[in-house]
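Residue numbers (our numbering), protein chains in the order written: chain A, 26 to 209; chain B, 36 to 627.
Don't read these hints as lab results, they were simulated from the structure.
Hints are not guaranteed to be accurate.
Not close to chain A: a few residues of chain B, all C-beta gaps over 10 Å, as computed [what the hints assert, rightly or not]: (1) G274; (2) Y301; (3) Q331; (4) A566; (5) W598.
Computed list of lysine-lysine pairs in DSSO-like fashion (alpha-carbon distance at most 27 Å, straight line) [stated by the list, open to error]: (6) K145/A / K49/B; (7) K145/A / K106/A; (8) K145/A / K68/B; (9) K106/A / K330/B; (10) K269/B / K347/B; (11) K266/B / K250/B; (12) K145/A / K330/B; (13) K250/B / K330/B; (14) K616/B / K145/A; (15) K91/B / K68/B; (16) K575/B / K179/A; (17) K250/B / K91/B; (18) K616/B / K575/B; (19) K49/B / K179/A; (20) K179/A / K330/B; (21) K49/B / K68/B; (22) K266/B / K347/B; (23) K266/B / K330/B; (24) K91/B / K49/B; (25) K38/A / K82/A; (26) K179/A / K614/B; (27) K347/B / K330/B.
Backbone N, C-alpha and C fix where the C-beta goes; we use that ideal spot for every residue, glycine too.
Chain by chain, the residues:
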Amino acid sequence: MNEEDSRNQADRKVVTELALRWTEVQFEVSSFVAALIPDFHDAHDVVQQVAVVVINKFDRYDQERPFRDWVLGIAKYEVLKYRERQAHEKLIFSQALIDRIAEAYRRPENSTQQVYQALKQCLRQVRGRNRRALQLWYTERMEAEQIAEWLGMKRNALYVMLHRVRASLRECVERRLAWGEKVS
Amino acid sequence: MKPPYDLIHAYFMKNISPEDFDRLCTWLEADPKHVDLLVRESVIHEGIHHILTGEKLRQEEGIPAAEVEWTPACPGINDQESILARYGSEDEKQRQIEQYAELQLQRFLAEQEALRRAASSPPSRAPQWPRIDFQAVGRRLNAVLLGAYRSVVVGTLLLALGLTVTIGIQYILSHRVAATVGDSVDARWEMDPPESGLLPGWATLLEGYARLDFKSGARVILQAPCELRLKSTKRVFLGSGQLTVKVPEGLRGFTVLTPTAGLVDYGTEFGVRVDARGDTESHVFSGQVNVRAGKQNRLLTEGLAVRVDTAKNLRVSPLQDRPDYFTRRLPDKNTTGRPTLSYRKPAWIHLDLAHVAGGGDGVEGPCPNFALDPSTGRIHSQIATRSPKGRQGDRHYHAVASLAYVDGIFVPDGNHRPVVSSAGHVFVDCPQTTNSFWSDIGVTRTRQDQYGQGYQLTLDGRDYCTPAHPGINMHANTGITFDLQAIRGAYPDRDIVRFQTTCGLSTMNLTPNDPLVDMWVLVDGEVQFAALGLSRGQYKTVRLSMEPEGRFLSLVCTDGGDWISGDHAVFGEPELALKSKDQTPKPNTNKE
C-alpha cells in the first residue's frame, strides 16, 4: 500500500469513527439545545452548527475526555453565540442558567437513554386526535392556529390538549423509570 | 414547591408570557433539582419529535425501523478488546462500522430532506371545491339558448334565495342556546360557560362535576376531565371522559356520539365513557339505547353494558352493579358549600384469579369451577386427564371468549416460539419442553379427576385449590393468560397495582421420580418472575408491581427439563390488587 492509500484509509477511519460517535450523542445534543431554544427551526440550525464545529475540530478532540462532554461544551458555546445574536429576545435564559443546565446534562442521573426508551413505550399509548395533534406540532411544524383549525378546535383548547398529553407521557415515563423496567 | 409544569409546557410550546418566563427562571434558580426536571422535560419534548419523525420517515421514505432508531448502546470506539471480541478482526470491525455510519448518514439526509419539504409545502388538506365562474357559465348559456338571459336571472335569484335561507338557518342553529349549566360541584371549565347558556361548540370540564340542562329536556351530568361538543339541543359528541344522560318521558332520540360509536336513547338513563384509548363504554340504567358502531346496530335494554373499541368491535355484557362507575347525580354539598360524597368506595379490591379461571368474576358470586383444556381451548366441568401418558399440545394459542377476564390458554414449548396472548405476544424465553401435558387447568374443587385420582395440592402445609385457599392447578406443561385490559375496563376507577401468588410443586407424591418444574409469570410475553428447577414441596412467593400499560398476565408451568411425570404444580391464591384512583373530591373535614 502506498502512502496515499494509507492516508485515505486513515481518513476513512476517522470519518467513520466520527460518524459513529456523533450518532451516539446526537439526541442528547438536540435535547440540550431544545431546552435552551424552544423554537424548532432555530434549535435545528444551532444543532447543525454544532455538528459542523465538531467535524472541524475533531482532530483536536482529546481522546481522554468523554466525547459527550466535549460535544455538549461545544453546544453550550453555540447556544451562547445564538443568545448574543438574539439580544433583543427577552425569553432566553441567563448565562448562569445555561451553565446550570449544561452541568445538569453531564450528571449521570440525567441519562437521556432510559428516558428515551421509556418514552418510546409510553408514546405508543397515545392515539387518535391526541396523537394527531402531536404529529402536527412536532413533525409537520404547524403553528397552533393552523393545528387548531385542522382539528376543528379552539387554540386554547389545543394547548390544553397538548398539555394534558405531555402530562400523561411524563407520568408514564416516571412510572417506568421508577420501576426500573427493562425496556427494549 | 410544586413543579410549574404549566410554565414548562408553555415555554416549550412557545406560548409563555414574559412574566411567566421570569417566574420559570426564578423557579429554576431556586434548586438544582428543578433544573434536572427541566432536563427531563426537554428530553421528553425532543424525544417526541425524534420518535414521531422516525415514524414519519418509515412511512414516507420506506426507511426500515432499525435505521431510524436511535441506538445509544453502541460499543464505544475506545473499547478495543470488546470490539475485537465481538467482530473477530479489525477489518470486520471497520466494515461494520462503515456500514452502520452509512446507514445513519442516509437517515440523517432523509430527515433533512423531509424537513425541507415540510417547510416548503404545507400538509395536504381536503380537496377544495373547484371555483366556478358563474359569469362564464352565464355567458355561455346566453349564447346557446333562446331566453337564456331570463333563465340565468331567474336561476341566480333562486340560488341566492336558497343560499340566504340555508345561511340563515345555519346562523340561527349555531346561535341557539343548546343547554345551560343547571348546577355544578367544584367545577372548573376550560372556558367559563356564559350565563345565558351554551351554544353549539366545545365545552371542556377540567375539574369537578356539572349538570347540563338541555333545551330538549335532557339532563347530562359531566365528570371531569371531560371534553364535550354540543351539536344541538339533542345531540352531543363526547371526545373524552364520561357523562350520564337522563332523558324525560316522551323525549326520544337524544344522541351521544363518540369516536367509535353512536348511542341514541329511547327514553332512558344511561352512562357513556370514552377512555384514553378512545374506546367507548356505555351502561344502560333504565329504558333502551340503540348503539351503532360501524355497520353494527344493537339495542341495549336496562341492565346491559356495551364496549366498543377503536376497531369498532362491539361487545355486550350484563351490567354489574358498580355504583361508583358512573356519577348519576351530583355529589352532595354540605352547609359550608364544600362538596362531600354520599358514598365511599373501598380503597382496595382483590381479584381472585383462581375464581376467574374457574369461571367466576374474581370477586363474589358463583364460580362453576371450570377446567380448561390447553390443547383445544375447550371448557369442561371438571378436570380431565384423558390419557395416562399425557396429551400433546397443538402449538396454538386458544382464546377463551366465554370467560370474562381469561384471554386464553396454551401448551408452552420453546421449540416453537409459543404465542401467549390474543395480541400475539410471544414467550421468547420459554424453555424447550416435551409439548405434552397431563391434565386440564382448573381449580380442582372436585378433588379428583375422572379416574378417581384425588388431588391434594399442598405447599408449605397449606392445601390449595380449596374454598379456604383457592388456587389454579397447573400441571406441566400449561399456561393461562388473563386479560388485564378487560379488568381495567370493568374497573375504570381503579389501577391494577400488584399481582401476588404462592407458586410451587406440590407435595403430592404419585410417581416414583423426583420431578422438577419451572414456573413463570409473564406480562405481555415478557418474564417478570421465574422460579426454575422447583422440586417437590418447593415454592416461591411472588409479589409483583403491575404497570399500567401491561395488557396480558400469563401464568406458566413448564416441565423443568425432565418429563412431565409428577409435575403437579399450583399457583396458590393468585390475586390482583386493584387500588382506587380516588378521583372524587375529598370529603370535608370540617376543620374550618
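| request: Please flag the earlier hints that this structure goes against, numbers listed from lowest up. | output: Result: hints 1, 7, 9, 12, 13, 15, 16, 17, 18, 20, 26 break, sorted rising.
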